[in-house]
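Let's have the full structure, built from the sequences with the hints guiding it.
So you can see what is in the structure, the chains are spelled out below.
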Amino acid sequence: SQKIEQNSEALNIQEGKTATLTCNYTNYSPAYLQWYRQDPGRGPVFLLLIRENEKEKRKERLKVTFDTTLKQSLFHITASQPADSATYLCALGEDYKLSFGAGTTVTVRA
Amino acid sequence: GAVVSQHPSRVICKSGTSVKIECRSLDFQATTMFWYRQFPKKSLMLMATSNEGSKATYEQGVEKDKFLINHASLTLSTLTVTSAHPEDSSFYICSATKLSGSTETQYFGPGTRLLVL
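As given, the protein sequences belong to chains A and B, one line each in that order. Take my numbering: the final residue in the first sequence is number 110, and no numbers are missing along the way. Take my numbering: the final residue in the second sequence is number 117, and no numbers are missing along the way.
Just so you know, these hints were derived from the structure itself, not from any lab. By construction, the Cβ of each residue, glycine as well, lies at the ideal position given by its N, Cα and C atoms. Accuracy of the hints is not assured; some may be wrong.
Listed below are the simulated DSBU-like cross-link pairs for lysine-lysine, each with C-alpha atoms no more than 30 Å apart in a straight line [unchecked claim]:
(1) A:57 x B:42
(2) B:55 x A:97
(3) A:59 x A:3
(4) A:97 x A:63
(5) A:55 x A:3
(6) A:57 x B:41
(7) A:71 x B:42
(8) B:41 x A:97
(9) B:64 x B:41
(10) B:66 x A:97
(11) A:3 x B:42
Away from chain A, derived, C-beta distances all over 12 Å, residues of chain B [to be verified]:
(12) 13
(13) 15
(14) 68
(15) 75
(16) 86
(17) 88
The structure is reproduced here in structure tokens:
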């Protein structure tokens, strides 16, 4: 069966450290993978897209890697800030649809 | 970026009534819009894909007569929950796709919290 697993439900880190989130999938062949941020009671906000032929993508303090052999994506938030506290969702893109993981809630302590 | 709005943001209704939720892309035209529902601490579950001018495509297990979708224009899709019951209480989120070059990115609305009493 198809499965998308995000490493942990919650991640607590100290301000200034790097948060690393994992997204593993089975029985999918995504053409691309996206990461979204979701705040409580709000819709997801698009952060980054990485295609199957790309290894790494960066945007400001965010970095995403995509390994189609391992079937894994890593999402890094460097120099984390309390404002980065949110739930982060990975989403696999196949055809025109997205399939979402359950998310990892990141809490950055000041 | 791209802005997608939803209305209402929150609705409380009695069991048996119907509720309409609107999804609008404000600064771009979207040929495809999607409707999701999300339960607390769970992932977004795709309910249906809506294309302008054609019938929506529903995911397995989603009742099309229960969740009516109308995509009247390139900037507006509506979801009507008919004869709502307490088990329909959930967070409903729409998204609209925007084409940038050869890449389609989904931009999400802020969501609608539905509570059926």
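Verification of the supplied hints:
For the given pair, residue 57 of chain A sits about 27 Å from residue 42 of chain B by alpha-carbon distance, which is consistent with the 30 Å threshold. At most 30 Å may separate the alpha-carbon atoms for a hinted pair to count; residue 55 of chain B and residue 97 of chain A meet this at roughly 17 Å. Restraint check: the Cα-Cα separation between residue 59 of chain A and residue 3 of chain A comes to about 27 Å, which is no more than 30 Å; the hinted pair holds. As the CA atoms of residue 97 of chain A and residue 63 of chain A are separated by approximately 23 Å, the hinted pair is consistent with the 30 Å bound.
Pair hint residue 55 of chain A plus residue 3 of chain A holds up; C-alpha atoms about 22 Å apart against a cutoff of 30 Å. For a cut-off of 30 Å, the pair hint linking residue 57 of chain A to residue 41 of chain B stands: about 27 Å separates their Cα positions. Of the pairs offered as hints, the one joining residue 71 of chain A and residue 42 of chain B holds, with about 22 Å between alpha carbons and a cut-off of 30 Å not exceeded. With a C-alpha separation of about 21 Å, the suggested pairing of residue 41 of chain B with residue 97 of chain A holds against the 30 Å cut-off.
Between residue 64 of chain B and residue 41 of chain B the CA atoms are separated by roughly 25 Å; this keeps the pair inside 30 Å, and the hint holds. The suggested pairing of residue 66 of chain B with residue 97 of chain A holds, with an alpha-carbon distance near 22 Å, which does not exceed 30 Å. This hinted pair checks out: residue 3 of chain A and residue 42 of chain B have alpha carbons roughly 14 Å apart, not beyond 30 Å. Every Cβ of chain A is farther than 12 Å from the Cβ of residue 13 of chain B; the closest lies at roughly 19 Å, confirming the non-interface assignment.
Listed as outside the interface, residue 15 of chain B is consistent with that label: its C-beta sits roughly 23 Å from the nearest C-beta of chain A, beyond the 12 Å cut-off. Interface exclusion of residue 68 of chain B from chain A stands, the closest Cβ pair being 21 Å apart, more than 12 Å. The claim that residue 75 of chain B lies off the interface holds: its Cβ sits roughly 17 Å from the closest Cβ of chain A, which is beyond the 12 Å cut-off. With a closest Cβ-Cβ approach of about 20 Å to chain A, residue 86 of chain B is found to remain outside the 12 Å limit, as its non-interface label requires.
The claim that residue 88 of chain B lies off the interface holds: its Cβ sits roughly 18 Å from the closest Cβ of chain A, which is beyond the 12 Å cut-off.
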